[in-house]
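Protein chains in written order, with this note's numbering: chain A, 2 to 115; chain B, 4 to 116.
The reader is advised that the hints may include incorrect statements.
[Claimed, not checked] Pairwise CB distance ranges (calculated):
| no. | chain 1 | residue 1 | chain 2 | residue 2 | range |
| --- | --- | --- | --- | --- | --- |
| 1 | A | Thr-3 | B | Ser-55 | 29 to 39 Å |
| 2 | A | Asn-63 | B | Pro-82 | 45 to 55 Å |
| 3 | A | Asn-18 | B | Ser-55 | 39 to 49 Å |
[Stated by the list, open to error] Residues from chain A that face chain B, not an exhaustive set, calculated with beta carbons under 8 Å:
| no. | residue |
| --- | --- |
| 4 | Lys-41 |
| 5 | Phe-43 |
| 6 | Ile-46 |
| 7 | Phe-91 |
| 8 | Thr-100 |
| 9 | Glu-103 |
| 10 | Ala-104 |
| 11 | Gly-107 |
| 12 | Gly-109 |
FYI, nobody ran anything at the bench for these hints, they're computed from the structure.
We treat Cβ as the ideally placed atom computed from N, Cα and C, and that holds for glycine.
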Amino acid sequence: DTAVSQTPKYLVTQMGNDKSIKCEQNLGHDTMYWYKQDSKKFLKIMFSYNNKELIINETVPNRFSPKSPDKAHLNLHINSLELGDSAVYFCASSPHRGTYTEAFFGQGTRLTVV
Amino acid sequence: DQQVKQNSPSLSVQEGRISILNCDYTNSMFDYFLWYKKYPAEGPTFLISISSIKDKNEDGRFTVFLNKSAKHLSLHIVPSQPGDSAVYFCAASLTSGTYKYIFGTGTRLKVLA
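Please put together the full structure from these sequences, using the hints given.
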């Protein structure tokens, strides 16, 4: 019973395409995140949602659009994919804002744009 | 502007010895610090954390030390085991206001048998 699951695990696509990555958590957490790990292995936050409301948008190009249909799901849609979007994308969740708790991560989606 | 830094990209240690991983941060408002471990092709997994009101937290072989005046934390693993070989990320967060975890660039630990 996976706590935070992402699909797909691998995604290879051509430049200019539109793609989506899905994330689901079964932990009952209020907050969900998308992180990007680039070629330098730096884990950088992209978005955070709390109870379906966007609370963090870290200067990500507007080709990236997160969508949270409910508290347990946070999907990432990427339009007009570029070579520089190639990275590993991690979804994560945490219980509440304002508490000393850790985030739980999914296994990652390796996106390769060719 | 990287607020959390891990200046050692890699570290090799003999099995049974102590591994010390270091992390520095710049924002004195951070009040919660975490260490994550990451194996290839997996997501980061939580290891240990410490709040800013403490200077030490221990969990089995893992101890985290926090020096607020120096804005420095470290993770000690003793004794180190080959299964500890992984990339370790330090992270910091602010529990008030906009809540997010800010990660360092990671240190690859290799424990030699």
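Here is what the structure says about each hint:
Roughly 32 Å separates the CB atoms of A/Thr-3 and B/Ser-55, a value that falls within the hinted 29 to 39 Å. For A/Asn-63 and B/Pro-82, the hinted distance range of 45 to 55 Å is satisfied, since their beta carbons lie about 50 Å from each other. About 45 Å separates the C-beta atoms of A/Asn-18 and B/Ser-55, a value consistent with the hinted range of 39 to 49 Å. The closest approach between the C-beta of A/Lys-41 and any C-beta of chain B is roughly 7 Å, which is under the 8 Å cut-off, so the hint is satisfied.
Satisfaction of the interface hint for A/Phe-43 is found here, the shortest Cβ-Cβ separation to chain B being roughly 5 Å, below the 8 Å cut-off. The beta carbon of A/Ile-46 is positioned within 8 Å of a beta carbon in chain B (closest approach about 5 Å), and the interface hint is therefore held. For A/Phe-91, the interface hint holds, since its Cβ comes within 8 Å of a Cβ in chain B; the closest pair sits about 6 Å apart. Interface hint at A/Thr-100: satisfied, since its Cβ lies 6 Å from the closest Cβ of chain B, which is below the 8 Å cut-off.
For the restraint placing A/Glu-103 at the interface with chain B, the shortest Cβ-Cβ distance is roughly 4 Å, inside the 8 Å limit, so the hint holds. Hint status for A/Ala-104: holds, given a least beta-carbon distance of 5 Å to chain B, under 8 Å. Satisfaction of the interface hint for A/Gly-107 is found here, the shortest Cβ-Cβ separation to chain B being roughly 5 Å, below the 8 Å cut-off. A least Cβ separation of about 5 Å between A/Gly-109 and chain B falls short of the 8 Å threshold, and the interface hint therefore holds.
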